[in-house]
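K.L.:
Each chain, letter by letter, is given below.
2 protein chains.
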Amino acid sequence: MNTQTLKGFRDFLPAEKLRRNWVQQKIVAAFELSGFLPLETPTLEYKEVIMGKYGEEADKLVYEFVDNGGREVALRYDQTVPLSRVVAENRFNIALPFRRYQIQNVFRADKPQKGRYREFTQCDIDIVGSASPLADAEILATTYQAFVNLGFTEVELRVNDRQVLLSTLSPFATDEVSVLQIIQSIDKLDKMTPADVSAELVDKGLSKESADAALEAVKQAQKSKNLAEIFSIAESLGVPAKALVFSPAIARGLDYYTGMIFEIVAPSFSSGSLGGGGRYDNLLNDLGGVDLPAVGVGLGFDRIVEAVDSLNLIVEDDILGAGVLVTVFAEEQQSISAAVTQQFRQAGISTELFNSTEKLAKQFKYANKLSIPWVVVVGPEEAEKGMVQLKNMTSGEQVTVSVDEAIATVQK
Amino acid sequence: MNTQTLKGFRDFLPAEKLRRNWVQQKIVAAFELSGFLPLETPTLEYKEVIMGKYGEEADKLVYEFVDNGGREVALRYDQTVPLSRVVAENRFNIALPFRRYQIQNVFRADKPQKGRYREFTQCDIDIVGSASPLADAEILATTYQAFVNLGFTEVELRVNDRQVLLSTLSPFATDEVSVLQIIQSIDKLDKMTPADVSAELVDKGLSKESADAALEAVKQAQKSKNLAEIFSIAESLGVPAKALVFSPAIARGLDYYTGMIFEIVAPSFSSGSLGGGGRYDNLLNDLGGVDLPAVGVGLGFDRIVEAVDSLNLIVEDDILGAGVLVTVFAEEQQSISAAVTQQFRQAGISTELFNSTEKLAKQFKYANKLSIPWVVVVGPEEAEKGMVQLKNMTSGEQVTVSVDEAIATVQK
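These protein sequences, in sequence, are chains A and B. Take the first sequence: its position 133, counting from 1, is numbered 191 in our numbering, and each next residue is one higher. Take the second sequence: its position 253, counting from 1, is numbered 311 in our numbering, and each next residue is one higher.
Because the hints were derived from the structure by calculation, they are not lab data. Quick caveat, the model's predicted, so the values are computed rather than measured. Among the hints, a few may not be true.
Claimed, not checked - Think about it this way: if two alpha-carbon atoms lie no more than 25 Å apart in a straight line, the pair counts; the simulated DMTMM-like pairs of lysine to aspartate or glutamate are:
no., chain 1, residue 1, chain 2, residue 2
1, B, LYS283, B, ASP254
2, A, LYS427, A, GLU455
3, A, LYS281, B, GLU389
4, A, LYS443, B, GLU115
5, A, LYS75, A, ASP376
6, B, LYS172, A, GLU130
7, B, LYS249, B, GLU214
8, A, LYS283, B, GLU122
9, A, LYS105, B, GLU389
10, B, LYS423, A, GLU147
11, A, LYS262, A, GLU114
12, A, LYS75, B, GLU177
13, A, LYS118, A, GLU74
14, B, LYS169, A, GLU106
15, A, LYS423, B, GLU389
16, B, LYS172, A, GLU267
17, A, LYS427, B, GLU287
18, A, LYS65, B, GLU115
19, B, LYS118, A, GLU122
20, B, LYS172, B, GLU115
21, A, LYS449, A, GLU416
22, B, LYS281, A, GLU389
23, B, LYS417, A, GLU416
24, A, LYS283, B, GLU389
25, B, LYS277, B, GLU287
26, A, LYS105, B, GLU287
27, A, LYS105, A, ASP117
28, A, LYS420, B, GLU442
29, B, LYS118, B, GLU214
30, B, LYS262, B, ASP313
31, A, LYS449, A, GLU364
32, A, LYS417, B, GLU122
33, B, LYS65, A, ASP125
34, A, LYS262, A, ASP313
Produce the complete structure using the sequences and hints provided.
P.N.:
Next up, the structure:
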């Protein structure tokens, strides 16, 4: 049998899945603290719902096929298109603003490479139906809280305003070089030197003077009144001023943003983005025919897991599997081991009963391999006296105590 | 734009998704209390991994296609085949017994009908690598705990032994009617009268005497020594004796079971099964070429949600979205409303800031629609005195208090 996964697709074995669950729970806790509500949409949609929404390049990456009933269908490509479909379909019975979070896997038939997968998890929050800076600020504050929950001590929200960018750079556009083309080059200032960006603009057709002037104009750009208001509300919502970084060169690739745009960076991890978002007041109309403003963020779950691992942010005690392994001394002892297991469980302690009657040494080896911190042995002698042996697998210390005492020790 | 979902596929809007999350969390808590660890496998697999595993009928229900790179691929059909692939691929580095839970969506191109969907959630636990009754009992006890967590006051595990069934019914098999065909009819005793089952057996080719004798033999069948041992361990693991019902007519459709088999029934909800499982000692060898015994259960998530709803088991206080809505009196007040919101959130209270500056009446209507139990108003007068108005949306009572007092009131 072929035991391979498809390229770009992954199994998450328990040790890794526990870490991913920890990260996801911290993010969800931030979303729910801000009162965002969960939404789930199908993995498969009509192809016409998915295709033609983000341009030709994106369409090529959609997994699409004809199903057993002859319907043209496609796999979820992102969570914004399904959101706009849901809003369009339920526009008469959802309360506005509609605030939802959505954490599901999406599929891209992209070239797999380090850190890029064909099935990956997206964590989105969006607010539909409000054009107010209150909504922009709420997205920033909730995003910031997610990183606080994850234990990041410094995270920057690098914020810009699409309108500022457009008005700053429009004067440099020519018949040959559109303002969007200029923006695309400016967006690379986090990865390239100003000289290289200038050279790229010259390659595109700007004069050297014009290219340098464009760069200087971006450097000198001032926060818009809109951004100042958003920053002020975000600070009231608990985002420290130093985490809100006005970044006039941030452009975000996607053309559909209309107002505030931002990226999340943890400088101690990398200069790369851990996610980003912004305001997109026309997209829902374009996608679903419902004219509602919207603002949101998408967190790059895999990048965040990478950052969390690299910065050692996971509280290892949180991601234990079982806290206790109750071993089985011999077949005649299995019911007493089961009863002891149940006592630990009733005390709320995640407890595994070793599900086989192998040699004790093998059972201890198993506890070691799974990093289970406590092992209980109920030999015939202890059983008679209502006692158990409790071994601390970290210190190696072993004591003979009553089950109640053992439970109390583990709970400490 | 087409705003429809595909037939048999569903959106879960927040009100329903919150309920489903509640059910899932209760189930996961039971799995984790018993020390089962999470596993995730890809949505897409090589077609050859999925097809030909469960017979021709099942193959017809597999969603399969050729991907953009020309690979033959298929959507997840169940969680047992991926489990066997994972075990085969990682056989040299996983500790045995391998105990995992897996909660993911699966896909069947089946005829959609009431309660049957093309994408639905499966909740599985399995123990791979132990032939001991300890493992069978652990599956029963963990299953039972999941229903206790969900608030079921009576749930029956109807248990049988495939070997008992085979040895009881083999004497009635003929050249024309195989023992499996007899078992298939016997399995219908929960839905059909004995007379009808007897008639069906006669239709298949048994004599009337033989059919009746087979029914009588099943009725008289005795618990095997294996089942007695499993029941005894399960009782030590906390399953009350009355919940363990020896049911000699239970057959379970799938041919791959080799030992204990069981179904979960909540009689106060319906006689139908909420899930089931059993021991399958040959399947992993057949599927993945790794000769390991296994036992497990699959919970029917949608049926359980239905039962939980019908029996009113959800603790409604648990599934609130936001606990508090902080309204925005006017644009000039928005930052003070944001600051009050942040105070509630820092106290750990899920709090929504109304993300727009609409009329207060509309903001209250919104709180009503979303069943948010507390609404805070920060008018200019209150703001000046450092006070807020706190309205209990259930009683209608409204008080003017400090933010700290408001937080204390909500926390009660």
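K.L.:
Run the distance test for LYS417 (chain B) versus GLU416 (chain A): straight-line Cα separation, threshold 25 Å.
P.N.:
Given pair LYS417 (chain B), GLU416 (chain A) is violated - Cα atoms ~70 Å apart, limit 25 Å.
K.L.:
Taking 25 Å as the top limit, are the C-alpha atoms of LYS423 (chain A) and GLU389 (chain B) close enough?
P.N.:
violated (64 Å)
K.L.:
Quick one, are LYS169 (chain B) and GLU106 (chain A) close enough, alpha carbons at most 25 Å?
P.N.:
holds (22 Å)
K.L.:
For LYS262 (chain B) and ASP313 (chain B), compute the direct alpha-carbon distance and say whether it is at most 25 Å.
P.N.:
holds (19 Å)
K.L.:
Holds or violated: LYS283 (chain A) and GLU122 (chain B), Cα atoms, limit 25 Å.
P.N.:
Violated, at roughly 53 Å.
K.L.:
Within a Cα-Cα threshold of 25 Å, do LYS427 (chain A) and GLU287 (chain B) meet the stated pairing?
P.N.:
Violated - the C-alpha atoms of GLU287 (chain B) and LYS427 (chain A) are around 29 Å apart, more than 25 Å.
K.L.:
Given the proposed pairing of LYS281 (chain B) with GLU389 (chain A), does the C-alpha separation stay at or below 25 Å?
P.N.:
Given pair LYS281 (chain B), GLU389 (chain A) holds - Cα atoms ~20 Å apart, limit 25 Å.
K.L.:
Is it true that the CA of LYS105 (chain A) sits at most 25 Å from the CA of GLU287 (chain B)?
P.N.:
violated (54 Å)
K.L.:
Would the pair LYS420 (chain A) and GLU442 (chain B) pass a check requiring their Cα atoms to be no farther apart than 25 Å?
P.N.:
violated (70 Å)
K.L.:
Straight-line Cα separation of LYS427 (chain A) and GLU455 (chain A) no greater than 25 Å?
P.N.:
Holds - the C-alpha atoms of GLU455 (chain A) and LYS427 (chain A) are around 18 Å apart, at most 25 Å.
K.L.:
Would you check the hint for LYS277 (chain B) and GLU287 (chain B), treating anything up to 25 Å between C-alpha atoms as holding?
P.N.:
With Cα atoms ~21 Å apart, LYS277 (chain B) and GLU287 (chain B) stay inside 25 Å; holds.
K.L.:
With a cut-off of 25 Å on the C-alpha distance, tell me whether LYS118 (chain B) and GLU214 (chain B) pass.
P.N.:
violated (33 Å)
In this structure, the hints that do not hold are numbers 1, 4, 8, 9, 13, 15, 16, 17, 18, 23, 26, 28, 29, 31, 32, in rising order.
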